[in-house]
Amino acid sequence: MSKRSSLTATPSRRLVPRLLAQRTGFALLGLVTFIVVAPILLVVGVIVARGIVAINWQFLSTMPFHGMKEGGILPAIIGTLLLTTGTALVAVPIGVGGAVYLSEYARDTGLTRAIRLAIVNLAGIPSIVYGLFGLGMFVLFFRFGTSILAGSLTLAIMTLPVIISTSEEALRAVPQEFRTVSASLGGTRWQGIRTIVLPQALPGIITGVILGLLRAAGETAPILFTVAAFYLPRLPRSPLDQTMALPYHLYVISTQVPGMPLSVQYGTALVLLGLVLSLNVAASLMRRHFRSKRQW
Amino acid sequence: MSRMTNRRGHASEWALETLIRVLGFSTIGFVGLIFLFLLREGVPVFFEVPPGNLFSSRWYPTYGIFGTLPLITGSLLVTAISIIIALPLGVATAVFVREVAPRWTREILKPIIEVLAGIPSVVLGFFGMTIVAPLTRELLGVPTGLTAFAGALLLAYMALPTVISVAEDALDSVPRSYRDAGLAMGATKWQTIWRVVVPAARSGILTAVMLGMGRAIGETMAVMMVTGNAAVLPASLQAIFQPVRTMTATIAAEMGEVARGSTHYHALFGIGIILFLVTFLINLSAASAIFRARRKGGLR
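These protein sequence lines map, in sequence, to chains A and B.
Mapping to our numbering: the first sequence position 68 is 73, numbers consecutive.
Mapping to our numbering: the second sequence position 218 is 222, numbers consecutive.
Chain A on its own, in the form it takes in the complex (with noise of 0.2 Å):
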């Protein structure tokens, strides 16, 4: 009751202490989103000022020797593009699939509501338990060995939730008057699915099936026991060959090697985060470009 007699007798007097807690309140915000923000530059900004120094065609395109200790990284170059298309091969159709059923077909009943559970679920489960999995099912039980068929199949599963979500939401964002046109005109609901829904969510698809595989790209965990060769000085020949990928080489050669160079080390680093990177801005601009665009 006082406080509120206070503040109506003499607002100005009141006011000028709250204005200064409030623009104390706003720096202090701002100082704390720095500190938030000033190490992920600082994270970047040192791999790349370290690493750009071992970066050379020779270190991009030969085989590792003496221990990994000289040459090049291209196994592990290479074992990630290949695991990243084989996860691509897998996840694509499943989860683009799985989001038109959401998209299009779902009503909102009890087993949709299990499958956005499961959704969220499967995005939840740690890496390593994917990994855990990947051993028991792939590597064990279907016989596949340790092997990019493996860890392919693997990843494709962790990359699902992914590909879903961003695929529905691209899905769902095409307008209900286009699906009504389609229909109104004589079309079956997959005939207006696949000659106007899909490639109008075309774009978002794309970008949110890139976002998916970055994150399989750079994953460790799941492809310990399930494709990682330690070192492995060849290209892999079949899909149930064992190969080198390049998070697992960065783990070991920081790890698990005594007396690696830590240029090598550092180049490793700036080799992965470039990929990773480059393809994230690469697909927020695409996005960002096809939103612009967009007639509706």
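No wet-lab data here; the hints were simulated from the structure.
Incorrect hints may appear among the rest.
[To be verified] For lysine to any residue, the following SDA-like pairs were computed, each having C-alpha atoms within a straight-line distance of at most 25 Å:
#1 K193(B) <-> V104(B)
#2 K193(B) <-> V53(A)
#3 K298(A) <-> P115(B)
#4 K114(B) <-> A32(A)
#5 K114(B) <-> I211(A)
#6 K74(A) <-> L240(A)
#7 K114(B) <-> P44(A)
#8 K114(B) <-> R177(A)
#9 K114(B) <-> R180(B)
#10 K74(A) <-> E261(B)
#11 K74(A) <-> Y236(A)
#12 K114(B) <-> S297(A)
#13 K193(B) <-> L36(A)
#14 K74(A) <-> P138(B)
#15 K193(B) <-> Q27(A)
#16 K114(B) <-> L33(A)
#17 K193(B) <-> A26(A)
#18 K114(B) <-> M291(A)
#19 K114(B) <-> I215(A)
#20 K74(A) <-> F64(A)
#21 K193(B) <-> V37(A)
#22 K74(A) <-> T134(B)
#23 K74(A) <-> L237(A)
#24 K114(B) <-> G279(A)
#25 K193(B) <-> R28(A)
#26 K114(B) <-> L240(A)
#27 K114(B) <-> R28(A)
#28 K114(B) <-> L282(A)
#29 K114(B) <-> L210(B)
#30 K114(B) <-> S283(A)
#31 K74(A) <-> W62(A)
#32 K114(B) <-> R292(A)
#33 K298(A) <-> Q205(A)
#34 K114(B) <-> S170(A)
#35 K298(A) <-> R110(B)
#36 K193(B) <-> G35(A)
#37 K114(B) <-> I40(A)
[Unchecked claim] Just the calculated beta-carbon pair ranges, DEER-fashion:
#38 V47(B) <-> T29(A): 56 to 62 Å
#39 L240(A) <-> L288(B): 42 to 48 Å
#40 G264(A) <-> S292(B): 48 to 54 Å
Virtual Cβ for every residue (Gly too), placed ideally from N, Cα, C.
Place chain B on chain A using the hints.
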């Protein structure tokens, strides 16, 4: 003739739509399969090792001692510290980005935070080993920089993108009328934010914290590279600045060397079951909170 092709068209369309339905339900199948295979490989440990041993305080698998307690407490310790760091940082950043920052600042901040979400955990772990750990050792005067604290610091930053974006959504869904009412009562913008907007968004912020926690407890590579991996039961607060070992790091470090089908192998899968159940519960409750809020018309 035309009727024939039409019917064939219908048949293939029916097949496609059925396929799409199957794909739609596949995610439920995958969650089930993951749990099934964890059980298949992990359950034997509960028959091979007596419970007194399983929940003892020492983890020496080579001597047949499988006490998971230090690993569980290690995970909890690291996760708890990381949330204590990430919660204030995340909420403050979300409030700054959503309520205070001018548009151009927001346009710069959001992509930078997205970059953080995109950095592979092994790269952060590498940075933690080479930069953060030596730094904390110098600053705190402890014998090794590879400590629970260093791990928690990295985890906090890895959880931040999740915490910030979910907290932002929560703030975003507080109705404009709440803010207007606060300001109309003569409160400053600052007072309105902390006494009206943030309290109104608290359940959404709680969800943000839970999702961040789920992220932190399951993180593997960065934690394994910077926490020093000593399976010791934390005895006092000192443990924060000593090496610890988490459940995830134990699986990652030891699975490569165990014989398949051995008790040690089953024990590691057993830890996987614990991790699966913990994250399952966390995400289930976070998700149901989000669904409930959506049905009420906003994430609050």
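Those earlier numbered hints the structure runs against, lowest number first: Of the numbered hints given earlier, those the structure breaks are 2 and 26, listed in rising order.
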